[in-house]
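Each protein sequence line maps, in turn, to chains A and B.
Numbering of the first sequence is given in this note's numbering, commencing with residue 1321 and proceeding in unit increments.
Numbering of the second sequence is given in this note's numbering, commencing with residue 37 and proceeding in unit increments.
Keep in mind the hints are simulated off the structure, nothing from the lab.
Possibly wrong hints are sitting among the right ones.
[What the hints assert, rightly or not] Counterexamples of contact, computed for chain A against chain B with all Cβ distances above 10 angstroms:
1) Asp-1331
2) Phe-1332
3) Pro-1441
4) Lys-1449
5) Asn-1471
[Said to hold, decoys possible] Below, in silico cross-link-like pairs of lysine to any residue (SDA-like), each with a Cα-Cα straight-line distance of 25 angstroms or less:
6) Lys-1334/A <-> Leu-239/B
7) Lys-1334/A <-> Asp-103/B
8) Lys-1334/A <-> Arg-56/B
9) Lys-1334/A <-> Val-54/B
10) Lys-40/B <-> Phe-1332/A
11) Lys-1362/A <-> Asp-103/B
[Stated by the list, open to error] Cβ pair distances, simulated, as ranges:
12) Val-159/B <-> Gly-1354/A: 35 to 41 angstroms
13) Gly-1395/A <-> Pro-149/B: 49 to 55 angstroms
14) Tyr-200/B <-> Leu-1335/A: 55 to 61 angstroms
15) Val-1343/A <-> Gly-236/B: 25 to 31 angstroms
16) Arg-1330/A <-> Gly-187/B: 46 to 52 angstroms
17) Arg-1392/A <-> Ser-127/B: 34 to 40 angstroms
18) Arg-61/B <-> Arg-1392/A: 25 to 31 angstroms
19) Leu-81/B <-> Leu-1335/A: 19 to 25 angstroms
20) Arg-1392/A <-> Ala-229/B: 37 to 43 angstroms
21) Pro-1457/A <-> Phe-59/B: 55 to 61 angstroms
Glycine included, every Cβ here is placed at the ideal spot set by N, Cα and C.
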Amino acid sequence: MKENKEVSRRDFMKLAISAIGGVIGMAYAIPAIGYIVGPALKKDQGQGWIRLGSTGKVETSIPTLFKVKIQRQTGWITTEEEVSVYVLTENVRDYIAMSNVCTHLGCRIRWITEQNKFFCPCHNGIFDKEGNVVSGPPPRPLDRYKVKVENDQLFILGG
Amino acid sequence: MGIKLADWLDERVGWREVWRAIFLRNIPKVNWFYTLGSATLFLALNQAITGILLTVYYVPTPDHAYDSVQYITTQVTAGWLIRGLHHWGASAMVVVVVLHMLRVIFYGAYKFPREVTWMTGVVLLLVVIGFGFTGYLLPWDQKAFWATTVGTRIVGTPPIIGDYLLRILRGGTDLSAVTLARFYGAHIWALPATLALLIGVHLYLVIKIGISAVPKKGE
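Let's have the full structure, built from the sequences with the hints guiding it.
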């Protein structure tokens, strides 16, 4: 401190204490932020290919509901979840698999054969059999899964 | 700008007076043993911060306690650090609190006019031990379970009422979900509230009366 005589002992201590306090504060704050945000940044591992069932169950031109149970790891708990998928085929060769989750606010949609439409019970979202929005608030068509067929078994790629 | 804001606030709430009373008060020439109280306060803050963070993931039921602790330690970012700080901080707390008490005894600092400071300190020591005892059960591993089984037995020793006391402490005849839940409740609500209140009184008295000087020979 020789070159700068204006720094008093008291000022130096003030500065030193603030600096040390700041370092200690950061040593708590940085891990704390990581600790709280951490699980949200973890990527979902994905489910890989999920077997829905036999292609024979799919009625031509009518979306057919498949329900499969999947295991999902959330925190320290492994939960069993049911995934519902509507599968549609027009030519018994090409299949499309649609999520039953409404693209508006996430309610579960239902296929009504008499009306030839999907209906969402929450806010009257209506989709046609290929999942395109017919009317109501949904912002985009129903989400689709990648599909593959092996030995007459339908598989979807789970997210 | 900062100074202006500080002045504005001081004019309205008078914080500078409080600041002076706490940080710029006069103290006698003392030694390093006099820092043990501050060290305890720092550790208590550490326990509070890390303890609050642990409650973000910890779940106090027999189904989830052990798994959630493992999850914190092995999966969560810096979870090992937060839990480690809480675990080792707890041990350090007991050690430093006892050293602090010994200093007060050896320097005779408990005497007039500081008796009330001493008495709140004694209760604070008991609260810290309560923290240690209840916190030890929470990981719900073998060590926690059996240590608490043995530890709670102590209240069962008085004649006639012993059995009732033991049942009340455990919330039943044996250690169970009820025991875990009530130990957790005590650990994160009842004890911290008591601790905060008593620290408030303790520190108020330390500041109000001032700390004792190192006794001179023949005193």
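Hints, verified against the model:
1. Asp-1331: Asp-1331/A is indeed farther than 10 angstroms from all Cβ atoms of chain B, at 14 angstroms.
2. Phe-1332: Phe-1332/A clear of chain B: closest Cβ-Cβ about 16 angstroms, beyond 10 angstroms.
3. Pro-1441: holds, 33 angstroms
4. Lys-1449: holds, 43 angstroms
5. Asn-1471: Given a closest Cβ separation of 38 angstroms, the condition holds.
6. Lys-1334/A <-> Leu-239/B: Holds, at about 22 angstroms.
7. Lys-1334/A <-> Asp-103/B: Violated, at about 45 angstroms.
8. Lys-1334/A <-> Arg-56/B: OK: Lys-1334/A and Arg-56/B at ~14 angstroms, within 25 angstroms.
9. Lys-1334/A <-> Val-54/B: Since the Cα atoms of Lys-1334/A and Val-54/B sit roughly 17 angstroms apart, the hinted pair holds (cutoff 25 angstroms).
10. Lys-40/B <-> Phe-1332/A: holds, 23 angstroms
11. Lys-1362/A <-> Asp-103/B: holds, 19 angstroms
12. Val-159/B <-> Gly-1354/A: 35 to 41 angstroms: The hinted range 35 to 41 angstroms holds for Val-159/B and Gly-1354/A, with Cβ atoms some 37 angstroms apart.
13. Gly-1395/A <-> Pro-149/B: 49 to 55 angstroms: holds, 54 angstroms
14. Tyr-200/B <-> Leu-1335/A: 55 to 61 angstroms: 60 angstroms Cβ-Cβ, so the 55 to 61 angstroms window holds.
15. Val-1343/A <-> Gly-236/B: 25 to 31 angstroms: holds, 28 angstroms
16. Arg-1330/A <-> Gly-187/B: 46 to 52 angstroms: Roughly 49 angstroms apart at Cβ, these two residues keep to the hinted range, so it holds.
17. Arg-1392/A <-> Ser-127/B: 34 to 40 angstroms: The hint (34 to 40 angstroms, Cβ to Cβ) holds, given that Arg-1392/A and Ser-127/B are roughly 38 angstroms apart.
18. Arg-61/B <-> Arg-1392/A: 25 to 31 angstroms: violated, 58 angstroms
19. Leu-81/B <-> Leu-1335/A: 19 to 25 angstroms: holds, 22 angstroms
20. Arg-1392/A <-> Ala-229/B: 37 to 43 angstroms: holds, 38 angstroms
21. Pro-1457/A <-> Phe-59/B: 55 to 61 angstroms: Given range 55 to 61 angstroms: holds, Cβ gap about 59 angstroms.
Violation of the numbered hints given earlier is confined to hints 7 and 18; the remaining hints are satisfied by the structure.
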